[in-house]
Each structure stands twice: as C-alpha cells, then as structure tokens.
Amino acid sequence: MANWTVATKRMAATVLSADTWLPTELPEYAQGFMYMLGSLTASSFVVLILSGVLLAMNGPASWSYNGAMHFVAATHFWAVQAFFFFMMLHLWRVFFTGAWRGGRGLTWLLGAVAFLVAIPTAFTGFLINGDLYSQWNAVQAKDGLNALGLGWVNLTNAGQMYGMHVVVLPLTLAAIVGLHITLVRLKSVVPPYPEPAPAVSLQERRGDA
Amino acid sequence: MNGAHPDVAQDYQQVPEDFLKHLLGTLVIVIGLVVAASLLFSYPEKQPLTVKAYATQHPIAFEQVLLRALDGQGQIANYGPPYNHGTGSVQSFVQARVGVLHPVNAATDFVLKPLRMAASINPAIAPALNRFVGASATQQAAWEAQAASALGHATLRGGSVIWPASAAGPLPQLLNAGLSLGRSGLMSGALTRNPAVFTRFDSQNTLLFLQGTPLQTNPATQTLAGPNWGIIHPAVNGYPAAWWMTVPTWIYQWPAVANSAAPDALALMIGFLFWLALALTPWIPGWNRVPRVVGIHRLIWREYYHRRGQVGSRHHERSPVSVRE
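Residue numbers (this note's numbering), protein chains in the order written: chain A, 1355 to 1563; chain B, 21 to 345.
Hints listed in this document are in silico derivations from the structure and should not be mistaken for laboratory results. Small disclaimer: the values here were computed from a predicted structure and weren't measured. Misleading hints may appear alongside valid ones.
To be verified - Chain B stretches covered by chain A per the calculated footprint, using a threshold of three residues with CB under 8 Å from any CB of chain A:
1. 48 to 56
2. 61 to 74
3. 230 to 237
4. 273 to 280
5. 284 to 297
6. 315 to 321
Ideal placement from N, C-alpha and C gives every residue a C-beta, glycine not left out.
Could you put together the complete structure from these sequences and hints?
Written out as structure tokens, the structure reads:
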C-alpha cells in the first residue's frame, strides 16, 4: 500500500503552493466580465460571512432594535441577492462554455452541489429573520420536508434554524465552494471549443482585402 | 493533458495577470453594490402575525381555531408525523415511517395547557376547565359538536363574543377565556413553554397554532401563497425574494402536481430531478453537447476566435501553445 503521508505531502505541495493560488498569468481567453462572475460570487460569499458574523455576534434579533445592526442585516440581505445573482450568471457562463470539458466534470459537479446547498443556507436565514415572510415560509415549507421524511429538520424551530444557518450550512457550503475553487485553480478555466479557423477568419480575409 | 481532450482548444497564450488585484476588485464591487442597496433600500420587513393581533382582530375566528384544535378538526390536530399520529397531512410512506419526532397534542398544547395557566391568574376559569377535562371523551365530543354549530351563529358585542344558547357545556366560557388569554399577549408564551429549559429557542407551537386559518387568511400572505408562485414573492412589494426558487415554485403550478394528494413530495422530487440533470450535465450524452450547438460560446470568446482567425489567415501562424493541465 502506498505511503499515505508521502502521497498527501505531494498533493499538498501542489494544492497549497503560491503558484496555484497566486497566479501571475492567465489564459488569453479568460478575460473580461464573463470571467469575473465566479469571483463576484465568491466575493458575495465573503460579504455574507462578514455581515453574518456581525449579526451572530449581536444576536439574532438585534436588527429589530438596533439601528447599526439593522443596517448590517440589510447588507446581509443584499449580499445574498448578489450571491445568487452572480452565481446564476456564472452558471450560465460555465454552461454555455461547456466548462466541464477537459476533465473538469468534478469541478462542475461541485458547483452544482454548492448551488443546491446554497438554497437551504439562504432559506434558513429568511426563517430566522422573524417577520411575516419567515412565519409563512416556515409553515408552508415544513410540509415538503415532512413529506420527504425529513421532519427532523424542524423549520418552525427557530433555534434549530439558527444553528443550521450560522454553523451547519455555511460550513458545508464553504467547504464545497473551497473544493470547487481549488479545482478551478488546479485545472484552470476551460479553454474554448476548437472552432475551424476559416469560419472565423473569412470576414477577416474580406476585411484585409 | 489537453491533448487527451479533442473538444478543448490547445492553441492559446498566457497573458500577464494580477490575481490579487482581480479578487480585491470584485470584492470592492460587491461591497459597493451591497452598501449602496442597503443605504437606498434598507431591507424588507413585514410585521409578523402575532397571536395577540389575531385574537384582537378576529375574535370569533380565533375561538374557532381554538375549537378545531380541541375537537381534532384542525390541520395540526390531525396532521400526522412528525407531530402526532393523525392522518390528515401524510403525503408519503416515508413520512409515516419517520414517526412522531416533535410531539404536538393540539388540544392539550394549544388550548388546555394555556387555559390551565390562565386559570392560575383568573380562578373563575378553573371550574369550567375542570368540568371539561373531567368529562368523558363522548361528552367532550358532544359539547364540541354543539360548540362548532353554535359558534357559527355567535356575534360580537363590544369586542366580546356572544354565544347563542347551546348545549356546548363549558365550552363557550372556556373559549371566551381562551380569547382573553390570546388578547392579553400571554398566549405565545404559554404555547412555547418548556419547563425543562428557560431558553425559548423553539417557536414551533406558536407557528403551528397560527399556521392554518390565521396565516392563510391573512391578506398579506395572499401573494405568498403556493398558487401565486409562493416563495419567490416578497412580503413587501418591490423587493426581491428567493427568486432562485423559481423552478420548484413553477413545478408546484403544474396541474398534475397541484392537484396531487402529495403536492409537496412530488414537487420537491421533480425539482431534485431537474437539479440532478444540471449536476450530471457533463455525463449526459447529447445534453452535454448542447452549448456547442447553441453557439453562445462564440460570443463569449469572440475576441479569442477573432485573434486566432487573424493569425491563422494572415500568417498561418500558431500562437505559442500553452498547456495548463
């Protein structure tokens, strides 16, 4: 049996290297706004964590009686909107560029899992906000979970939802997003589809003539 | 190696990049957008429905909620797992197999226990409460049936519910006492009471008490209802909500799902299949070639193809090949 320590050491040398995480060059095709969408999604996640930590430090209902925390709660709300907005644009970009090609299937799969986990992560946040939207969605969505045999997840229990929202789900999501980004760094972003050059260059020839 | 993947271009150059600047740039953009939106729009808050508000605004309907909890006709009273052994909301065998995880006895938890607590403040309630609790199940059911009929003809006078003469035993007095408790603002405390701990993390019983008629007939929840595409709508008009739930919400609108005996189980399972198709895209033949056929990648990589076309047509040169994998 192979030496696990040697294998881990070898893998860590690549995964944790400055070359992996601090690239000084990138492929020529990976430029422009389309290639900012993943980073914009990750940046939104960072803002969510920062604003979420501030909210957690001050208690789940602090926004309701403290003006500063009310503002932090607002940033948390808009950051989740930004997160899903950029994630959705990122999803469209990676789909239409066939980003799973070249052995990047696992990167795609992890992205899809991150999307799936992000949904309950956001939803549990809406539930602990404590307003009418929280009440309504807790009692409506409980039937779905109960029907699937997932009744142990008690959407009407604010304590359980608080734990899910600030610990269980964000940690899970951060781990999945971390793996997703690691694979992107290791494998780089997918190169273009090979297109026959004449199809693109025909107009150029006319232009040159 | 890219060489093993014929559907991946190999002729491209590496260009200089400042990755940290890129990351910091996107972070600044998001912070700017989020702070601006927060300053301009704050965020949507809709006053929650409280037991006190419902009891104050809808006294007769409130007593009907109490009565349905008591006679087992309420949604939670007859819900089934994970709350009790009812059958009214059991959608699948899995739900039935899960069993009772969060026990709720609607009659006891929603009505009798709160009334017992109220009786310690207002001893006048105690005789009626003792009479009801001490009666046989048959007698209780008979009173409940009479009360259900009589309450339909009750009137309001000076904020009080006036019951017509009936054979409902102690129930008119008990339900009026329950209304007083609801109006006092103390009932949510009685509903969430857990003598084992002083913390009040579990809001289950207050929400389940309100989950039927009180929330479903609330004018503010009508746009949030399932047939109106539910969760993707905000409680406060003009704000975004959970729009990323559009696909499962859309599935709820399918007649076959909406009219099913198990709409929630069906909608969520179909929604999961949609996600599965997305997640397994790389390995689904045909579907994984759709992007190439659609051709939007030509727009996204327009400049790359443009440069490559120029190079190919003018000089038949290849850019230096850079293989990243």
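Quiz prompt | List of violated hint numbers, smallest to largest | solution = 4
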